[in-house]
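Each chain, letter by letter, is given below.
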Amino acid sequence: MAFPPTMVHDSPPASKVTLFRAKTTVSETRHEPGSDPAYWSQQMALLGRERDTASFMRIYDHFAPKLHRYLLSVGEGNAQAEELVQEAMLRVWRHCQAFDARQASLSTWIFQIVRNLRVDRIRRRAQASVAPIDPALLHTELSQEPEAYVDNALLAQAIDRLAPTEARLVRMSYLESKSHHEISQELEMPLGTVKSTLRRSFQKLSAALRGSA
Amino acid sequence: MRPRHHPDDSTLLGYSAAALPEAFAAVTAAHLAVCGRCRDQLRAADEIGGRLLEQLDGTALAPSSRDAILSRLRDVRVETAPIPQEPRPVDHDLLPPALRPYFGERWSALRWKFIAPGVRTIEASGLAGGKLTLLKTAPGKRIPKHTHGANELTMILTGAYDDALGHFSAGDVADLDSDIEHEPVTSGGAPCICVAATDAPLVFSSWLARKFQRFFGL
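Those protein sequences? They're chains A and B, same order as listed. Heads up, the first sequence is in the working numbering, so the first residue is 1 and it goes up one at a time. Heads up, the second sequence is in the working numbering, so the first residue is 214 and it goes up one at a time.
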């Protein structure tokens, strides 16, 4: 990852990562498929067609620890983070037939599920009555034909090419759930600069998604 | 409804990251429900989130969680693809779904509070971040000239207004930061209702408006 060292202070040392990986992959998933979106789409297709528990557990073994890391990183407590991981993964199982590989990679779909869960919970904490989040909202009425396949490699390169400040602000938004105001205070950066930096980063990254980077 | 004014890309990115104060997330969700352009933008922002998630090294869960999820799978049915439904007749008395948790279901049940001649408001309570207000202004009325302590995100729900930034009608969003001073004037023959998220009080330019503000807690 090309983020500045200050951003990855919470990463465990490399040796620990290796140890922990050995622990989490005790199952039959020895053929580590990495982040190849086509592989995960195939697993989802199997899951949707045949309710294949082995496919589901391959998805679980790959994504659940990442979700766990993400939820701890955005400030969820230990127990809450574990419970949200299970809840999100159960939604993957329950809604597997709604997954459409032409519209999003599996990691994006899972990201959307966990984001909606978190937004929903914040709302529920504050309110007595909650309008259900429409799960169809994200997957319907696209104004453009979806691209045949989102090119993850181009996006990954574009993330690596962000300027250090841009990368830092993008990470603070996504991986620490910091509001523009919080970023502005923490980095002593004018609010307008926070917004324009995030806007510019987003435009660079979405240009890569459209394949024009 | 095809909105012409949209939230800033940095706002959509914040929504994708679940990093907006709750009031701003509510207004953004209300706009996303009516704007295909912004749903496309959100999808792109979610791809970034998905990619960052994929790049994370994992943190191991409790050893029992694998067995726990396997046993819970047995109790959860896989939902089959939804059958497309006949469009239901539009009920004009219903608030946008994203705003119902804060203000209730029906326009007709709202209890507006008088704050100045031709201007009424309702403030939502219990939000985790920011302030969320419904604002109704009579035709031809203006909100006195003001800037914003920090951010303001406003969406027009019915009617329209004009200010230096243009003409805003139902579905449009004004995404304003502290530098912008504006004085919206309700246009057309109908009242204008909008929902505004703010994270700091408005700053009115005139002495009289400031006095109103102190008095009515706007």
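What the hints contain is simulated information worked out from the structure, not anything from laboratory work. Some hints could be false.
Unchecked claim - Label-pair restraints from in silico Cβ distances: (1) Q157(A) with S321(B): 22 to 30 Å; (2) D304(B) with L187(A): 31 to 39 Å; (3) M214(B) with Q157(A): 16 to 24 Å; (4) G77(A) with G353(B): 49 to 57 Å; (5) A54(A) with A403(B): 58 to 66 Å; (6) E336(B) with E186(A): 27 to 35 Å; (7) E336(B) with Q97(A): 38 to 46 Å; (8) L187(A) with G402(B): 42 to 50 Å; (9) D304(B) with R161(A): 47 to 55 Å; (10) T53(A) with P276(B): 43 to 51 Å; (11) D280(B) with A207(A): 22 to 30 Å; (12) A207(A) with A403(B): 54 to 62 Å; (13) N78(A) with G402(B): 32 to 40 Å; (14) Q157(A) with T293(B): 47 to 55 Å.
Stated by the list, open to error - Simulated coverage check for chain A against chain B, where a stretch passes if three residues somewhere in it have a Cβ under 8 Å from a Cβ of chain B: (15) 51–57; (16) 89–102; (17) 113–122; (18) 159–167; (19) 190–199.
Even for Gly, the Cβ is constructed at its ideal location relative to N, Cα and C.
These are the hints, each one checked on the structure:
1. Between Q157(A) and S321(B), the C-beta spacing of about 54 Å breaks the proposed range 22 to 30 Å.
2. Taken as a hint, the range 31 to 39 Å is violated for the pair D304(B) and L187(A), whose Cβ atoms sit roughly 46 Å apart.
3. The supplied range of 16 to 24 Å is broken by M214(B) and Q157(A), whose beta-carbon atoms lie about 38 Å from each other.
4. Separation of G77(A) from G353(B) is about 52 Å and conforms to the stated range, judged on CB atoms against 49 to 57 Å.
5. In this structure the supplied range 58 to 66 Å holds for A54(A) paired with A403(B), their Cβ-Cβ distance being about 60 Å.
6. In this structure the supplied range 27 to 35 Å holds for E336(B) paired with E186(A), their Cβ-Cβ distance being about 29 Å.
7. Judged by the Cβ atoms, the range 38 to 46 Å given for E336(B) and Q97(A) holds: they are separated by roughly 42 Å.
8. For the hinted restraint 42 to 50 Å between L187(A) and G402(B), the CB-CB distance of approximately 48 Å keeps it satisfied.
9. Here the CB-CB span from D304(B) to R161(A) is close to 49 Å, well matched to the stated 47 to 55 Å.
10. In this structure, T53(A) and P276(B) break the distance hint of 43 to 51 Å, their C-beta atoms being roughly 19 Å apart.
11. The hinted range of 22 to 30 Å is not satisfied by D280(B) and A207(A), whose Cβ atoms lie roughly 45 Å apart.
12. The hinted range of 54 to 62 Å is not satisfied by A207(A) and A403(B), whose Cβ atoms lie roughly 41 Å apart.
13. Range check, N78(A) to G402(B): Cβ separation about 58 Å, and the 32 to 40 Å hint is violated.
14. At about 39 Å, the CB distance of Q157(A) to T293(B) disagrees with the hint of 47 to 55 Å.
15. Counting residues of the segment 51–57 of chain A whose C-beta sits closer than 8 Å to any C-beta of chain B gives 4, which meets the bar of three, so the coverage hint holds.
16. Counting residues of the segment 89–102 of chain A whose beta carbon lies closer than 8 Å to any beta carbon of chain B gives 8, which meets the minimum of three for the stated coverage.
17. Beta-carbon proximity to chain B at under 8 Å applies to 4 residues in the segment 113–122 of chain A; the threshold of 3 is reached and the given coverage holds.
18. With 1 residues bearing a CB less than 8 Å from a CB of chain B, the segment 159–167 of chain A misses the requirement of three and the coverage assertion fails.
19. For the segment 190–199 of chain A, the stated coverage by chain B is satisfied: 7 residues place a CB nearer than 8 Å to a CB of that chain, which reaches the threshold of 3.
Of the numbered hints listed earlier, those contradicted by the structure are 1, 2, 3, 10, 11, 12, 13, 14, 18.
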